[in-house]
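**Q** Listed below are the residues making up each chain.
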Amino acid sequence: MPAVRANHLYKVFGKRASQAVALLSDGRHRDTIKDLNVTAAVIDVSFEVQPGEIFVVMGLSGSGKSTLIRMLNGLLPPTAGTVEIDGTDITTLSRRALRALRGEKISMVFQHFALLPHRTVLENAAYGLEVRGVSRAERHERAAHALDLVGLGDWKDHLPNQLSGGMQQRVGLARALTADTDIILMDEAFSALDPLIRRDMQTQLLQLQAELGKTIVFITHDLNEAMRLGNRICVLRDGRVVQIGTPEEILNHPADDYVARFTEDVDRSRVLTAASVMEPAPKAEAADWERVAPDAPVVELFQRVAACDSPLAVVDKEDRVIGAVSPTTILSALAMPEEASSAVPSLANGTRREGAAK
Amino acid sequence: MSWLSPFPPRIPLGEGFEAFNTWLKDHFGGLFDVIGTVINWAVTTLRDFLTEPQATQLTAIAAAILAVLLVRARPIPVLVIVGSTIALYVGQATFELGNTLVNHSPPQLFLWAMHLFGQEKVESNLVIGIVALIALVVVAAVYRIRLPLVAAVAGGWLAVILCGWLLFGAIPEVIGQPTAILMMLLLSTLAWVVAGWKLGVFSLVALTLVISIEQWSNAMSTLALVLVASLIAVVIAIPIGIVAAYSTVVSRIVKPVLDLMQTMPAFVYLIPAIFFFSLGAVPGVVATVVFAMPPGVRLTELGIRQIDKEVVEAGEAFGASPFKILTGIQLPLALSTIMAGVNQVIMLGLSMVVIAGMVGAGGLGNQVYQGISRNDGALGFEGGIAVVILAIFLDRLTAAITRRSPQARAERAAA
Numbered sequence: 003m004p005a006v007r008a009n010h011l012y013k014v015f016g017k018r019a020s021q022a023v024a025l026l027s028d029g030r031h032r033d034t035i036k037d038l039n040v041t042a043a044v045i046d047v048s049f050e051v052q053p054g055e056i057f058v059v060m061g062l063s064g065s066g067k068s069t070l071i072r073m074l075n076g077l078l079p080p081t082a083g084t085v086e087i088d089g090t091d092i093t094t095l096s097r098r099a100l101r102a103l104r105g106e107k108i109s110m111v112f113q114h115f116a117l118l119p120h121r122t123v124l125e126n127a128a129y130g131l132e133v134r135g136v137s138r139a140e141r142h143e144r145a146a147h148a149l150d151l152v153g154l155g156d157w158k159d160h161l162p163n164q165l166s167g168g169m170q171q172r173v174g175l176a177r178a179l180t181a182d183t184d185i186i187l188m189d190e191a192f193s194a195l196d197p198l199i200r201r202d203m204q205t206q207l208l209q210l211q212a213e214l215g216k217t218i219v220f221i222t223h224d225l226n227e228a229m230r231l232g233n234r235i236c237v238l239r240d241g242r243v244v245q246i247g248t249p250e251e252i253l254n255h256p257a258d259d260y261v262a263r264f265t266e267d268v269d270r271s272r273v274l275t276a277a278s279v280m281e282p283a284p285k286a287e288a289a290d291w292e293r294v295a296p297d298a299p300v301v302e303l304f305q306r307v308a309a310c311d312s313p314l315a316v317v318d319k320e321d322r323v324i325g326a327v328s329p330t331t332i333l334s335a336l337a338m339p340e341e342a343s344s345a346v347p348s349l350a351n352g353t354r355r356e357g358a359a360k
Numbered sequence: 385m386s387w388l389s390p391f392p393p394r395i396p397l398g399e400g401f402e403a404f405n406t407w408l409k410d411h412f413g414g415l416f417d418v419i420g421t422v423i424n425w426a427v428t429t430l431r432d433f434l435t436e437p438q439a440t441q442l443t444a445i446a447a448a449i450l451a452v453l454l455v456r457a458r459p460i461p462v463l464v465i466v467g468s469t470i471a472l473y474v475g476q477a478t479f480e481l482g483n484t485l486v487n488h489s490p491p492q493l494f495l496w497a498m499h500l501f502g503q504e505k506v507e508s509n510l511v512i513g514i515v516a517l518i519a520l521v522v523v524a525a526v527y528r529i530r531l532p533l534v535a536a537v538a539g540g541w542l543a544v545i546l547c548g549w550l551l552f553g554a555i556p557e558v559i560g561q562p563t564a565i566l567m568m569l570l571l572s573t574l575a576w577v578v579a580g581w582k583l584g585v586f587s588l589v590a591l592t593l594v595i596s597i598e599q600w601s602n603a604m605s606t607l608a609l610v611l612v613a614s615l616i617a618v619v620i621a622i623p624i625g626i627v628a629a630y631s632t633v634v635s636r637i638v639k640p641v642l643d644l645m646q647t648m649p650a651f652v653y654l655i656p657a658i659f660f661f662s663l664g665a666v667p668g669v670v671a672t673v674v675f676a677m678p679p680g681v682r683l684t685e686l687g688i689r690q691i692d693k694e695v696v697e698a699g700e701a702f703g704a705s706p707f708k709i710l711t712g713i714q715l716p717l718a719l720s721t722i723m724a725g726v727n728q729v730i731m732l733g734l735s736m737v738v739i740a741g742m743v744g745a746g747g748l749g750n751q752v753y754q755g756i757s758r759n760d761g762a763l764g765f766e767g768g769i770a771v772v773i774l775a776i777f778l779d780r781l782t783a784a785i786t787r788r789s790p791q792a793r794a795e796r797a798a799a
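Listed in order, the protein sequences are those of chains A and B.
For what it's worth, this note's numbering labels the leading residue of the first sequence as 3, then goes sequentially.
For what it's worth, this note's numbering labels the leading residue of the second sequence as 385, then goes sequentially.
A hint or two may mislead.
Some residues of chain A that are not near chain B, with every Cβ distance over 10 Å (derived) [claimed, not checked]:
1) 88
2) 102
3) 150
4) 158
5) 169
6) 223
7) 247
8) 267
9) 281
10) 336
Looking from chain B toward chain A, a few residues come up when the C-beta cut is under 7 Å (computed) [what the hints assert, rightly or not]:
11) 698
12) 700
13) 703
14) 794
It should be emphasised that the hints constitute simulated quantities derived from the structure, not laboratory data.
No residue lacks a Cβ here, since even glycine has one placed at the ideal position from N, Cα and C.
Modelling step: build the complete structure from the supplied sequences, incorporating the hints.
**A** Written out as structure tokens, the structure reads:
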């Protein structure tokens, strides 16, 4: 059973929302229904998130990603469609039941941290349990544990404003961890941080995820971040899903020109792994070659492949050779996939042709 | 042509207002009487306390402060003490329970005190207060909670009582004249504790000036009126402000009403106020409440609306109920803005006192009004200066409370 399932979700703001949904479900673009005086934020979005997965929703501002994440925990009711959390359709729940479900199953981390400035770090981290009525001693103990996990054990009695941005966001993360929910929603959680701190936070999130096995829905406008964190990525454009796939699928088989243009900026060597670039290896010779794991990112292979005369052998856990990586394979993998690179210039042509047709 | 001349025809707006008021008084006269009695009682009690503080009242206040200090650390014993004290007071008020208890206890308990203070009878209310005070001090001592603070309060209480007895030869049951200096010291101490030594020194000097120009009892009477009116205004304003912050419809309705309340000449409120409550302090308080309430509503609404939406969302996202979000997030974060509103309410209330003096509310307003009618510039100026001193005292005091709000502390922590 998926941890989160979004089923043909729509969110349209405005009085004639249902009329707009009917038009949008016929495939009309949201700009063509402007005369209804509605704002279509999310249009026909469906996906499933498996337990223990990091699912990244990627899109530029205005693509509806913040609206989408707020429908997943019922902060916004969808105009049409359903959201299922562990098989429960939350769109039919009463307010009280919805609050209980949020407290037990879904917590959230916010872009601008959203900490309570008048409470100490410890009290902030304990907030979720406080709402649920857990006793003071127990919630403080669990909050202290979560703060230790994110490395803020010594800052318990400080006020949030005394901390740097990265530390404040770690308090936000500790608050979500203390609530001990299986699902964590992260709304542009690292976007307000400096690039270096953002990298640290990403690393820490990956470590925590490996340790605790939470289901994470992560929202970002940064494809590099999406590629780094996501097991799967959902690309949104103008409220609609453009593509859902693993980072490698998105990189190697972008669904359309829009996605392809995004992938231009991605550092491919960090996303691609040995397994995804390797070529068939002649087993007899490969036995003597230096070995690499299939999930090693390409960026780690540069030096090793340059230092050897022979290609590298990619081996699985049982030490069986499953492929080979040579300097040539790496170089050709790092180049843009052909269909995508040729698609970029034609994008301009395409739009011009459409314009001419009108 | 005669049919044309009355254009526009006269609309009986004022008459309608009058008729509405008459209708209100005819149908809800009893309600207005109750409101009037309650307000009158509150103003009189507060004024009497400020001009002639009773040992009984001081004891009750000291006990209340101790209870507030201790209740969070040890709720059960403190609440038991507070509950039984209230029960004893109620018993004393209804069927003289205290007197009965005192008469049935061994006389040795009281004889020495009666002898010491030259008393002929035992004041039961005072005894109840002292027992409660002692019980609370014992609780603090046994559980070792905030001992220095508790000692300061209990010691302060003792010092005040002894001061009244030794300095002014007054019996502790009623600290007699001149109580002005005692109350002045108490108010200055309050200013010092809440707002720091600067305001403490200012209060000492300025309030002494008020005593020396013989406006003390008038000033205290005005202070009582302003405090009661402000309290009522705030109690009405904050809930309206909260509702207006939640509902745009309510906000749109409330705004023009507030504009009307604020821009209508304040004198106009006095006429219906007298109609409903006759002369005295009550119409003054009612007119002051109407005139002073708008900033309380406005700033409460503003304070809640300007809170970062994400923080409220965080509350919702962790499953907090609307009530918990209101009390745990919105009100604490809006508190400094709300307190700015309370400050404005008090200041507007003070600006109404002179006008309220015209309807016999007494106090400094009355002095100024007399100054006008007798063409007595000296009296008017002295009354005016006393109003200014009260205004500065109240303004700085509420500003200091604002600075101590959790949100303000958090902002200072950032700096």
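**Q** Measuring Cβ to Cβ, find out whether residue 88 of chain A lies farther than 10 Å from everything in chain B.
**A** Nearest chain B Cβ is 16 Å from residue 88 of chain A, so the label holds.
**Q** Checking a non-interface call: every C-beta of chain B should be farther than 10 Å from the C-beta of residue 169 of chain A. Is that right?
**A** Check passes; 13 Å lies beyond 10 Å.
**Q** The output says residue 336 of chain A does not contact chain B. Does that hold with a beta carbon cutoff of 10 Å?
**A** For residue 336 of chain A, whose nearest Cβ neighbour in chain B is about 40 Å away, the distance exceeds 10 Å, so it holds.
**Q** Just checking, residue 158 of chain A versus chain B, shortest CB gap more than 10 Å?
**A** Residue 158 of chain A clear of chain B: closest Cβ-Cβ about 15 Å, beyond 10 Å.
**Q** Does residue 698 of chain B meet its interface restraint, that is, does its C-beta lie within less than 7 Å of any C-beta in chain A?
**A** Check passed: Cβ of residue 698 of chain B comes within 4 Å of chain A, closer than 7 Å.
**Q** Was the hint right that residue 700 of chain B lines chain A, CB cutoff 7 Å?
**A** Holds, because the Cβ-Cβ distance from residue 700 of chain B to chain A comes to roughly 6 Å (cut-off 7 Å).
**Q** Going by Cβ atoms, does residue 247 of chain A stay more than 10 Å from chain B at every point?
**A** Given that every Cβ of chain B is farther than 10 Å from that of residue 247 of chain A, nearest at about 28 Å, it holds.
**Q** Classify the label on residue 281 of chain A as holds or violated, using whether its beta-carbon is more than 10 Å from each beta-carbon of chain B.
**A** With a cut-off of 10 Å, residue 281 of chain A remains clear of chain B, as the shortest Cβ separation is near 48 Å.
**Q** Beyond 10 Å on every Cβ pair: is that true for residue 102 of chain A relative to chain B?
**A** At about 6 Å from chain B, residue 102 of chain A fails to clear the 10 Å cut-off, so the statement is violated.
**Q** Does the claim that residue 223 of chain A lies outside the interface with chain B hold up, using a Cβ gap greater than 10 Å?
**A** Since the minimum Cβ distance to chain B is about 17 Å, residue 223 of chain A lies beyond 10 Å and the statement holds.
**Q** Checking the smallest CB distance to chain B, is residue 150 of chain A really beyond 10 Å?
**A** Since the minimum Cβ distance to chain B is about 20 Å, residue 150 of chain A lies beyond 10 Å and the statement holds.
**Q** Taking the minimum C-beta separation from residue 267 of chain A to chain B, is that value above 10 Å?
**A** Residue 267 of chain A is indeed farther than 10 Å from all Cβ atoms of chain B, at 28 Å.
Comparing the model with each numbered hint stated earlier shows that hint 2 is the single one that does not hold.
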